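Hey, can you work out the whole structure from these sequences and the hints?
There are 2 protein chains.
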Amino acid sequence: MNKVEKRVLDIINIDEMIGYICELISIKSLTGDEKEAQANVASKLESIGMEVDRWTLDLDELSKHPDYSIEVDRKEGHGVVGVTGKEEGKTLILNGHIDVVPPGDESNWEHSPWKGISKDGKVLGRGSVDMKGGLACAIYAVKAIRDAGIELKGKVIIESVVGEEDGGVGALACVLRGYRANGAIIMEPTELKVAPAQAGALCFRITVQGLAAHACVREEGVSALEKFIPIHNALIELERKRNERVDDPLYENFKLPIPLNMGKIHSGNWPSSVPESLVVEGRYGIEVDEDIESAQKEFTDTLDAVVQVDPWLRKHPPKMEWWGGQFKPARIPVTDPLVETVVSAYSDTTGDSPVLEGVTYGSDMRHLVNLGDTPTVLFGPGDVRDSHKPNEFVLVEDLETTVRTLALSILRFCGY
Amino acid sequence: MNKVEKRVLDIINIDEMIGYICELISIKSLTGDEKEAQANVASKLESIGMEVDRWTLDLDELSKHPDYSIEVDRKEGHGVVGVTGKEEGKTLILNGHIDVVPPGDESNWEHSPWKGISKDGKVLGRGSVDMKGGLACAIYAVKAIRDAGIELKGKVIIESVVGEEDGGVGALACVLRGYRANGAIIMEPTELKVAPAQAGALCFRITVQGLAAHACVREEGVSALEKFIPIHNALIELERKRNERVDDPLYENFKLPIPLNMGKIHSGNWPSSVPESLVVEGRYGIEVDEDIESAQKEFTDTLDAVVQVDPWLRKHPPKMEWWGGQFKPARIPVTDPLVETVVSAYSDTTGDSPVLEGVTYGSDMRHLVNLGDTPTVLFGPGDVRDSHKPNEFVLVEDLETTVRTLALSILRFCGY
Numbered sequence: 394m395n396k397v398e399k400r401v402l403d404i405i406n407i408d409e410m411i412g413y414i415c416e417l418i419s420i421k422s423l424t425g426d427e428k429e430a431q432a433n434v435a436s437k438l439e440s441i442g443m444e445v446d447r448w449t450l451d452l453d454e455l456s457k458h459p460d461y462s463i464e465v466d467r468k469e470g471h472g473v474v475g476v477t478g479k480e481e482g483k484t485l486i487l488n489g490h491i492d493v494v495p496p497g498d499e500s501n502w503e504h505s506p507w508k509g510i511s512k513d514g515k516v517l518g519r520g521s522v523d524m525k526g527g528l529a530c531a532i533y534a535v536k537a538i539r540d541a542g543i544e545l546k547g548k549v550i551i552e553s554v555v556g557e558e559d560g561g562v563g564a565l566a567c568v569l570r571g572y573r574a575n576g577a578i579i580m581e582p583t584e585l586k587v588a589p590a591q592a593g594a595l596c597f598r599i600t601v602q603g604l605a606a607h608a609c610v611r612e613e614g615v616s617a618l619e620k621f622i623p624i625h626n627a628l629i630e631l632e633r634k635r636n637e638r639v640d641d642p643l644y645e646n647f648k649l650p651i652p653l654n655m656g657k658i659h660s661g662n663w664p665s666s667v668p669e670s671l672v673v674e675g676r677y678g679i680e681v682d683e684d685i686e687s688a689q690k691e692f693t694d695t696l697d698a699v700v701q702v703d704p705w706l707r708k709h710p711p712k713m714e715w716w717g718g719q720f721k722p723a724r725i726p727v728t729d730p731l732v733e734t735v736v737s738a739y740s741d742t743t744g745d746s747p748v749l750e751g752v753t754y755g756s757d758m759r760h761l762v763n764l765g766d767t768p769t770v771l772f773g774p775g776d777v778r779d780s781h782k783p784n785e786f787v788l789v790e791d792l793e794t795t796v797r798t799l800a801l802s803i804l805r806f807c808g809y
Numbered sequence: 394m395n396k397v398e399k400r401v402l403d404i405i406n407i408d409e410m411i412g413y414i415c416e417l418i419s420i421k422s423l424t425g426d427e428k429e430a431q432a433n434v435a436s437k438l439e440s441i442g443m444e445v446d447r448w449t450l451d452l453d454e455l456s457k458h459p460d461y462s463i464e465v466d467r468k469e470g471h472g473v474v475g476v477t478g479k480e481e482g483k484t485l486i487l488n489g490h491i492d493v494v495p496p497g498d499e500s501n502w503e504h505s506p507w508k509g510i511s512k513d514g515k516v517l518g519r520g521s522v523d524m525k526g527g528l529a530c531a532i533y534a535v536k537a538i539r540d541a542g543i544e545l546k547g548k549v550i551i552e553s554v555v556g557e558e559d560g561g562v563g564a565l566a567c568v569l570r571g572y573r574a575n576g577a578i579i580m581e582p583t584e585l586k587v588a589p590a591q592a593g594a595l596c597f598r599i600t601v602q603g604l605a606a607h608a609c610v611r612e613e614g615v616s617a618l619e620k621f622i623p624i625h626n627a628l629i630e631l632e633r634k635r636n637e638r639v640d641d642p643l644y645e646n647f648k649l650p651i652p653l654n655m656g657k658i659h660s661g662n663w664p665s666s667v668p669e670s671l672v673v674e675g676r677y678g679i680e681v682d683e684d685i686e687s688a689q690k691e692f693t694d695t696l697d698a699v700v701q702v703d704p705w706l707r708k709h710p711p712k713m714e715w716w717g718g719q720f721k722p723a724r725i726p727v728t729d730p731l732v733e734t735v736v737s738a739y740s741d742t743t744g745d746s747p748v749l750e751g752v753t754y755g756s757d758m759r760h761l762v763n764l765g766d767t768p769t770v771l772f773g774p775g776d777v778r779d780s781h782k783p784n785e786f787v788l789v790e791d792l793e794t795t796v797r798t799l800a801l802s803i804l805r806f807c808g809y
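Protein chains in written order, with our numbering: chain A, 394 to 809; chain B, 394 to 809.
No wet-lab data here; the hints were simulated from the structure. Owing to the predicted nature of the structure, the values given are computational and were not obtained by experimental measurement. One should not assume that every hint holds.
No copy labels: a pair is met if it fits in one copy or bridges any two.
[As the list claims (entries may be wrong)] Below, in silico cross-link-like pairs of lysine-lysine (DSS-like), each with a Cα-Cα straight-line distance of 27 angstroms or less:
no., residue 1, residue 2
1, LYS648, LYS708
2, LYS708, LYS782
3, LYS396, LYS648
4, LYS479, LYS421
5, LYS399, LYS708
6, LYS708, LYS657
7, LYS548, LYS483
8, LYS782, LYS690
9, LYS712, LYS483
10, LYS712, LYS782
11, LYS782, LYS548
Shown next, in the form of C-alpha cells:
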C-alpha cells in the first residue's frame with residue numbers, strides 16, 4: 394500500500410458511514426416504492442461532489458425488453474447514478490440496489506425493521522445486509538478519495554438501482570441508458586468472498602387441477618394435493634440429479650449449487666371440500682454455463698413424465714408458467730483484471746487472501762455482464778443467510794473491510 | 394290415503410312455495426349473518442298462523458356448552474321457532490337451517506347466487522338445495538294443514554336455525570331452550586332417502602413446522618412441505634383402513650362412508666424462501682357408533698407414528714388441533730315409529746318405497762338426538778353433491794315430493 398492509498402483509508406469515517414446506513418434503513422424502500430430513498434441517495438452523491446444523473450424509468454419501454462422481469466405491481470421507478478473522474482483511465486461501476494424485501498411479521502423483529510440501529514458491532518434493520526450497507530460502503534469509498542483531494546484518471550460510477558429483488562428492472566435501465574464500464578462491483582452480501590460467477594434462478598408457477606367435491610363424497614372428487622405429490626417428488630429428484638452433475642470449481646463447497654425450491658403452496662379453500670386446484674410457486678436454480686432453454690426443457694420434461702403416467706393429469710395437464718424473477722446466470726473469467734484488482738485490494742486491506750467462489754443466488758450481475766458487457770464481480774459485507782429474515786443485520790467489521798477494499802479497488806482500477 | 398290427507402295435499406300450492414324459496418334465496422344469509430332471513434321466516438310462520446318464538450342467542454352462555462363448535466366470527470345469532478297444535482298427541486319437529494355457505498368465485502355462476510330463479514324444473518341459487526328449499530317445504534306442509542282447517546292433536550314445531558354450516562349453534566340453542574319432541578325431521582338434501590343415521594365429521598388443523606432459509610441455501614432450511622408429505626400419505630392410509638372396517642348396512646353403498654379430507658393447505662409466502670410452516674385443514678369422518686375419543690386417538694397415533702421416525706419432526710412435533718365444526722355422529726333405530734311414519738308417507742306420496750340409508754355428512758341431527766333425546770331422521774329434496782358449489786339447484790319434482798311427504802308425516806305422527 395502506498396502513501397496515497399494509506400491517506401485515503403485514513404480519511405474514511407466509519408462512524409459517519411454507519412450513521413448514513415441507519416438513515417437509509419429508516420427510509421422504507423420496499424421493491425416498487427423506492428422514490429424517497431432514491432432521492433436521498435441522489436442528494437448524498439451530489440454532496441460528495443459527484444455528477445448525478447436522475448431519471449424516471451420508462452416502464453412501458455423497459456417491459457418490451459427480453460430481459461425485463463418483474464413481480465410487484467410497480468407504478469414508477471427512479472434511476473440514480475453518480476459519476477466522478479476523467480476519461481483518461483478505466484471506468485469502474487459500483488452497483489447497489491436500494492429496494493428491500495417485506496419484513497414479514499414485524500413481531501418477530503427485536504427492533505423495528507424500519508429503524509437503523511448500530512449495536513454490539515452490528516448494524517440492524519431491513520436492508521442492512523441486503524444491501525444498503527454495501528451501497529453506503531461504495532459512497533463512502535468515493536467520498537474518502539474525493540476528500541483526500543485525489544483526481545482519478547478513470548471514472549467511477551455509483552449506481553443506486555431499484556427493483557433488484559423482483560428481477561432487476563433498475564439495473565436493466567442503467568445498462569440501457571448506456572452505463573457500461575471496464576469493470577463493476579456489486580456489493581451484494583458475499584461474506585467478503587469475491588464472486589466472479591452467479592448461478593441463475595428462474596421463478597416458476599405450477600397450477601395443478603383437481604375436481605371439487607363435498608368431503609362427504611370425497612371419492613367423487615380429485616384432490617389437487619394428491620395429484621401434486623408425485624410432481625413434488627419428481628422435482629426433488631430432478632434437483633438431486635442436476636446438482637450431482639455440477640463440477641464447477643467455483644461451486645465445489647456447495648451441497649446444492651443449483652437448488653430447486655418450492656416456496657409457496659396454496660390449495661383449496663374449505664376443510665370440507667376436496668381441493669380443486671393447487672398452486673405452487675418456486676425458483677429453479679440454473680448452472681452458470683447452462684443453456685436456459687435446455688434447463689427449462691429438463692424441468693418441463695420432468696413434469697411431463699409425471700403427467701404421462703397419471704390418467705387424470707394426462708387429461709388435465711398442470712399449467713406451467715415461468716413467472717416473475719427470471720435471473721439468468723453470469724460469469725467472468727477469474728483472470729479478468731477486475732478480479733485481480735479486487736483480490737489485491739482485499740488482501741492489502743486484511744492481510745488475507747479472499748475466497749474466490751460463485752454465488753447460488755440471482756442478482757443484477759447478469760444485466761451488467763450479459764447485456765452491458767461489463768466484467769462484474771459480487772463483493773460485499775455480510776451473509777446472504779441474514780437477508781430476507783427478521784433481525785437482519787450486517788457486521789460493522791465487514792463494513793469496514795468492504796469500504797477499504799472498495800477504496801483501494803477504485804484507486805488501483807481507475808488510476809490517479 | 395284418506396280424504397283428509399288428500400284434501401291437505403290438494404291444497405299445497407307449489408308455485409307459491411317456489412316463489413317463497415326464491416324470496417328466501419334472495420336474502421343473503423351467510424353463516425353468521427342470518428338476521429334478515431330469520432326475520433323473514435318469523436313473519437312467514439306468523440302469517441300461516443303459528444305461534445312464533447323469537448330470541449337472541451346468548452353466545453357467551455352457549456360457548457360454555459361442550460357441544461358448542463363454531464368457525465365463523467359470529468357477532469349475533471337469532472332463534473326462530475313456530476309452533477301449532479295441541480298437547481293431545483305426539484310432537485314433531487321440522488328443522489331446517491337458514492344459513493348458507495359462501496358462493497366462491499361468483500363468475501363461476503351462470504346466474505347470481507343471490508337471486509332465486511325457477512327455470513327448467515329447477516330452483517337455482519345459493520341455498521336452494523342446502524337448505525332453504527327443504528325449510529320452505531316444511532312451512533308449506535304446515536300451511537296446507539292449517540289452510541285445510543285441520544286441528545292437529547299433537548304439536549308441530551318448525552325450527553329455522555342459524556349456524557348449521559359451522560357447527561350447529563342454532564340447533565343447539567333450540568334444544569337448550571327446551572324444544573324436544575317425539576320425533577324430528579331435518580330437511581337436509583338426502584335425495585329423498587330416509588336417513589336414520591349420520592356419520593360424524595371432526596374438523597382438524599395440523600401445523601407442520603419447518604425452518605426458513607433463503608432458497609440459495611435451501612439445504613440449510615427444512616421445507617415444511619417435505620415434512621408434511623409423509624403425514625399426508627399416512628392419513629390417506631388411515632382413511633383406507635378405517636373405511637374397510639365399516640360394516641354398517643346403512644352405509645353398504647358407500648365407497649368411503651367416513652372420508653378423511655384434507656381440504657385447505659397453505660405453506661410458505663415467497664417462491665425463493667424455504668417454507669417454514671405448513672397448515673392443513675380438513676375433516677375427519679367418524680363412524681356412526683364410534684367412540685369419538687378413540688377415533689381422535691387413532692388419528693393422533695397415526696400422526697405420532699410419522700413424527701417418531703423423523704428426527705426433525707420428533708424435535709418439532711406438528712401442532713394438532715380439533716378446531717371448528719365438530720359434528721358428532723348420531724343414529725336412531727330403524728324401528729322407531731318416526732321412521733315408520735316417514736316411510737309410509739313417502740310411499741303413499743310416490744308409490745315407491747324410500748331408500749333407508751345413512752348419510753356421510755354432519756348435520757344438526759346430533760344435537761336433536763344426542764342432547765335433545767328426540768328421534769330424528771334426515772329427509773329432504775335434492776342431492777348434497779349440488780350443495781357448496783356454483784350453480785346450486787334443487788329439482789321442483791323433489792320439492793313436491795318433500796312437501797307432500799312432510800304434510801302426510803305431520804298428519805300421521807301428530808294425529809288430528
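Verification of the supplied hints:
| no. | hint | verdict |
| --- | --- | --- |
| 1 | LYS648 <-> LYS708 | between (38 angstroms within a copy, 24 angstroms between copies) |
| 2 | LYS708 <-> LYS782 | between (41 angstroms within a copy, 22 angstroms between copies) |
| 3 | LYS396 <-> LYS648 | neither (44 angstroms within a copy, 86 angstroms between copies) |
| 4 | LYS479 <-> LYS421 | neither (35 angstroms within a copy, 73 angstroms between copies) |
| 5 | LYS399 <-> LYS708 | neither (70 angstroms within a copy, 53 angstroms between copies) |
| 6 | LYS708 <-> LYS657 | both (25 angstroms within a copy, 24 angstroms between copies) |
| 7 | LYS548 <-> LYS483 | within (7 angstroms within a copy, 100 angstroms between copies) |
| 8 | LYS782 <-> LYS690 | neither (33 angstroms within a copy, 38 angstroms between copies) |
| 9 | LYS712 <-> LYS483 | neither (49 angstroms within a copy, 60 angstroms between copies) |
| 10 | LYS712 <-> LYS782 | between (31 angstroms within a copy, 23 angstroms between copies) |
| 11 | LYS782 <-> LYS548 | neither (36 angstroms within a copy, 66 angstroms between copies) |
Hints 3, 4, 5, 8, 9, 11, counting from the list given before, are not met by this structure.
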